[in-house]
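Peer 1: These are the residues of each chain, in order.
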Amino acid sequence: MAGLGLACLIAALCAFGYAAVAAFHGARTGDRRWVDSSRRSIYAAAGLLSVCVVVVESAFARSDFSFELVALHSSTTTPTLYKLTALWGSQAGSLLLWAFVLSVAASAVLFATRHRHREVAPYATAVLGGLGVFFTGLMLFADGANPFAQLDPAPAEGNGLNPLLRHPAMAIHPPMLYSGYVLFSIPFAFAIGALITRRLDASWIRSTRRFALLAWIFLSIGIMLGARWSYSELGWGGYWGWDAVENASLMPWLTGTAFLHSIMVQERRGMLKVWNVSLIVGTFALCLLGTFLVRSGILESIHAFGESTVGTPLLILVAAVLIGSTALIVSRLDDLRSARRIESLASREAVFLVNNLLLVGLALVIWWGTFFPLISEALTGTRSSLAAPWFADYTTPLAILLVLFTGIGPLLAWRKISAGAALRIFAWPLGVTVAVAALLVAFTDAAGEPWALAMFCVAAFALTGLAQEFARGAAGLRALNGGSYVSALGRLMGRNRRRYGGYIVHAGIAILFIAVAASSSFQTSRDVRLMPGDTVEVEDYTITYAEPSADIDPEEQKLTFAARLDVERDGKSFSLSPSRNYYSGNTGDPSAGPIRSFFEGEATSEVGRREGASEDLWTAMQPDLEPLDPLIAAVDRRLLRRLPEIGPEGPTPEQIEQMREFANAQGDAIERLAALYVANPLPVTFRINVNPFVIWLWVGGLVAVAGALIAAWPAPAARRRRVSDVYAARLAKELGRA
Amino acid sequence: MNPARKRQIRLVVALTAAVLLATALVYTSFNASSEAKSPSELLSGAVGDGTYEVYGKVVPGSIKRNGADMTFEIADRENPSVKLPVEYTGQVPDPFRDGREVIVTGRLVDGTLVAEKDRLITKCPSKFAAEAEEDPEHVIIDESLDGS
Numbered sequence: 001m002a003g004l005g006l007a008c009l010i011a012a013l014c015a016f017g018y019a020a021v022a023a024f025h026g027a028r029t030g031d032r033r034w035v036d037s038s039r040r041s042i043y044a045a046a047g048l049l050s051v052c053v054v055v056v057e058s059a060f061a062r063s064d065f066s067f068e069l070v071a072l073h074s075s076t077t078t079p080t081l082y083k084l085t086a087l088w089g090s091q092a093g094s095l096l097l098w099a100f101v102l103s104v105a106a107s108a109v110l111f112a113t114r115h116r117h118r119e120v121a122p123y124a125t126a127v128l129g130g131l132g133v134f135f136t137g138l139m140l141f142a143d144g145a146n147p148f149a150q151l152d153p154a155p156a157e158g159n160g161l162n163p164l165l166r167h168p169a170m171a172i173h174p175p176m177l178y179s180g181y182v183l184f185s186i187p188f189a190f191a192i193g194a195l196i197t198r199r200l201d202a203s204w205i206r207s208t209r210r211f212a213l214l215a216w217i218f219l220s221i222g223i224m225l226g227a228r229w230s231y232s233e234l235g236w237g238g239y240w241g242w243d244a245v246e247n248a249s250l251m252p253w254l255t256g257t258a259f260l261h262s263i264m265v266q267e268r269r270g271m272l273k274v275w276n277v278s279l280i281v282g283t284f285a286l287c288l289l290g291t292f293l294v295r296s297g298i299l300e301s302i303h304a305f306g307e308s309t310v311g312t313p314l315l316i317l318v319a320a321v322l323i324g325s326t327a328l329i330v331s332r333l334d335d336l337r338s339a340r341r342i343e344s345l346a347s348r349e350a351v352f353l354v355n356n357l358l359l360v361g362l363a364l365v366i367w368w369g370t371f372f373p374l375i376s377e378a379l380t381g382t383r384s385s386l387a388a389p390w391f392a393d394y395t396t397p398l399a400i401l402l403v404l405f406t407g408i409g410p411l412l413a414w415r416k417i418s419a420g421a422a423l424r425i426f427a428w429p430l431g432v433t434v435a436v437a438a439l440l441v442a443f444t445d446a447a448g449e450p451w452a453l454a455m456f457c458v459a460a461f462a463l464t465g466l467a468q469e470f471a472r473g474a475a476g477l478r479a480l481n482g483g484s485y486v487s488a489l490g491r492l493m494g495r496n497r498r499r500y501g502g503y504i505v506h507a508g509i510a511i512l513f514i515a516v517a518a519s520s521s522f523q524t525s526r527d528v529r530l531m532p533g534d535t536v537e538v539e540d541y542t543i544t545y546a547e548p549s550a551d552i553d554p555e556e557q558k559l560t561f562a563a564r565l566d567v568e569r570d571g572k573s574f575s576l577s578p579s580r581n582y583y584s585g586n587t588g589d590p591s592a593g594p595i596r597s598f599f600e601g602e603a604t605s606e607v608g609r610r611e612g613a614s615e616d617l618w619t620a621m622q623p624d625l626e627p628l629d630p631l632i633a634a635v636d637r638r639l640l641r642r643l644p645e646i647g648p649e650g651p652t653p654e655q656i657e658q659m660r661e662f663a664n665a666q667g668d669a670i671e672r673l674a675a676l677y678v679a680n681p682l683p684v685t686f687r688i689n690v691n692p693f694v695i696w697l698w699v700g701g702l703v704a705v706a707g708a709l710i711a712a713w714p715a716p717a718a719r720r721r722r723v724s725d726v727y728a729a730r731l732a733k734e735l736g737r738a
Numbered sequence: 001m002n003p004a005r006k007r008q009i010r011l012v013v014a015l016t017a018a019v020l021l022a023t024a025l026v027y028t029s030f031n032a033s034s035e036a037k038s039p040s041e042l043l044s045g046a047v048g049d050g051t052y053e054v055y056g057k058v059v060p061g062s063i064k065r066n067g068a069d070m071t072f073e074i075a076d077r078e079n080p081s082v083k084l085p086v087e088y089t090g091q092v093p094d095p096f097r098d099g100r101e102v103i104v105t106g107r108l109v110d111g112t113l114v115a116e117k118d119r120l121i122t123k124c125p126s127k128f129a130a131e132a133e134e135d136p137e138h139v140i141i142d143e144s145l146d147g148s
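Chains as they are written, first to last, in this note's numbering: chain G, 1 to 738; chain V, 1 to 148.
Be careful, since some hints might not be right.
Claimed, not checked - Rough simulated footprint, nothing fancy, chain V against chain G, three-plus residues with beta-carbon under 8 angstroms: (1) 390 to 404; (2) 484 to 494; (3) 621 to 631; (4) 669 to 675.
Simulated from the structure, these hints should not be mistaken for laboratory data.
Glycine residues also receive a C-beta, built at the ideal position from the N, C-alpha and C atoms.
Generate the whole structure from the sequences, applying the supplied hints.
Peer 2: Below, the structure is given as structure tokens:
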């Protein structure tokens, strides 16, 4: 099986290589036959890499530990779902995923554009083929990156998947992020093709816009899942910690968002061409950097799953992309000059530009903060790092401005807006904002947190403006062909998915930022150490540590210590049960015995939480196991005496029997430990948070993704003409408004 | 004012704003960042009152809990006789115990490192860490445990 996989991988490398060369040759000579065969070669690579993925996944499913990848990242006790998702828990597996998604996305875009872009597409094919060569080459030639590497003899059991990654959100978080990263390579490749051929109108954008939007959707889902995982699985209580790898996924999201906006200006007004090609180059470089950061271990991070062997080649690729693209853009500056200029600051394109600058500014700040350990080491010789408060100081005002301009942009017309029109259109949003501000100051303690108050106000402004746009559009349609308001709204969305989908994204983002502001400014967090029977008051909650419990999962070799918290509020009561999971593991530390090792590796938290519309009660627990230390040490010593010394010739049948007894004794000891924990409770440190509005973070994220899906949904061919009629009508209307 | 001149002014204003922001960014980041220090460096007095990331080993027997707070001492890696008392509140990593290598972020107050909440990292050789990944031995030990 591994032979088949390896053969397919080598063949995929050749297919990508041939595609790159043939496409380039075809583009130079204008010979369509070369171009057609290069495209088919990309299809072939996609087929071959699919086989590779199937081979590796089937090895995971069968727990075939002759695959080094499987032995290192899975085990027979790993639950089936996580066996399959263990593929991207490793370096080799994530490279395979990268190459696979690249081949599929490249095939899709080349198929969709096979009758168009006779000049640009071949160069784009060459770029995509080159990227494919890079990633398949890495797997084949870099140390420890080959997913088909074999172990001989095959071990009987594998290492298992990092328990932190055994969470449903984590199962799909990495492929979402990777798909986002990879999909940005499509507009990047077409931008390069457009630059080379000097076909710098908006046609490359129209063909790849949907891929950029899809990339944005995948990145958004990936980021949200990561936040959700952090909130429910890590015991510190937050959804965003400005960790290097979190930042790495946010940077291309920000520049990608900027790109999705500024290309509209190029499509509508033929401006910002240099900006657009620079943005997509930057976004793609940040995507590669994101891949590199997870895999390099260069910055300390919870995600840096160890030193990697592919860091240097990835960094070289980033440098090559940046230098090559910059040189290309500079050499094409004359062709990129736009005929028009921004006429008025009170125009939609001017606001788009401001929003772009804010998004890129945010990305730059985050980039600086993320790489500051390296920057400071290079400048001063000592490594210094920046923590969350520094990030918050910069991102908070930028985010408020961003939401403000998100509110202004859709209200303005292209080119310019007259003072009278502005007054008409801003009256409602401004009025509502003032009312919201007054209500918040009068009835809540928002006035004590000016940044949060500002965010609530700009979000209210943006949401009202959006509601007004929907209302105006629907009213217009009703005036035209009657019907109910709801059906008019539906028709409105159907007719201009891109625009109204975009507005829904804006609404989602505004909701999300309300949640961020509320939860970060008005959170209550308490750390308390309790014994069973103890009670603590946090805000309006009376929380009693009712009783400890313990559980053993022999399948996963997992020991769980849990607590039942009885909560009372306003006469209503409910229970929460936060818990802590400990996994058996070999820690590499010889002093850690068979029981000790449970408490030395990665433990995971299961958060006990009650989510509500206005606030979440969030609890995590950590028992103080120190009093058990002497007992555990004694049990370990006794257990280890029963472990036979195995000679170099392998265990004798008698020794195998002894090892079986040892394993049973270990199991018994763990069971006794669990019983002891329940019978003689230990003090437990609880973190109890009251997090306002967090649920709206997830709601806002979902709304944004839904809006983006609406915007990305292809209009049926028959309707396209009608949609463009609507565009024309709207343009005429807007010109009239101006 | 003619449009060309107007554009020029706008450009100058935009560039000035960008330069000012960049300067602020550089300045604040050096101010707000925490430098990596050893306990000896910190105690030698040659430091300001900013926050530092202090690397060291937990002195055996020094861990004391008081409610959700904790105090312990960390010893210099190179010079183990230098000991720095630490006051800490927040999440305690599971592998934290006597003799472990830790990184604590905080500021020095009267010879004691007052740690920021949750800024305690315990270094631990884990089976999922890099060295373990490259060491197939671990797989074989696991096999013997299961007795299969």
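Peer 1: Count the residues of the stretch 390 to 404 of chain G whose Cβ falls closer than 8 angstroms to any Cβ of chain V, and tell me whether that reaches three.
Peer 2: holds (count 3)
Peer 1: Between the stretch 621 to 631 of chain G and chain V, are there enough contacts, at least three residues with CB-CB distance under 8 angstroms, for the coverage claim to hold?
Peer 2: holds (count 4)
Peer 1: How does the coverage statement for the stretch 669 to 675 of chain G fare against chain V, requiring three or more residues with Cβ below 8 angstroms from a Cβ of that chain?
Peer 2: violated (count 0)
Peer 1: Would you say the stretch 484 to 494 of chain G counts as covered by chain V, given the rule of at least 3 residues with C-beta under 8 angstroms?
Peer 2: With 0 residues closer than 8 angstroms to chain V, the stretch 484 to 494 of chain G misses the three-residue bar; violated.
Hint check: violations occur at hints 2, 4; the rest are consistent with the structure.
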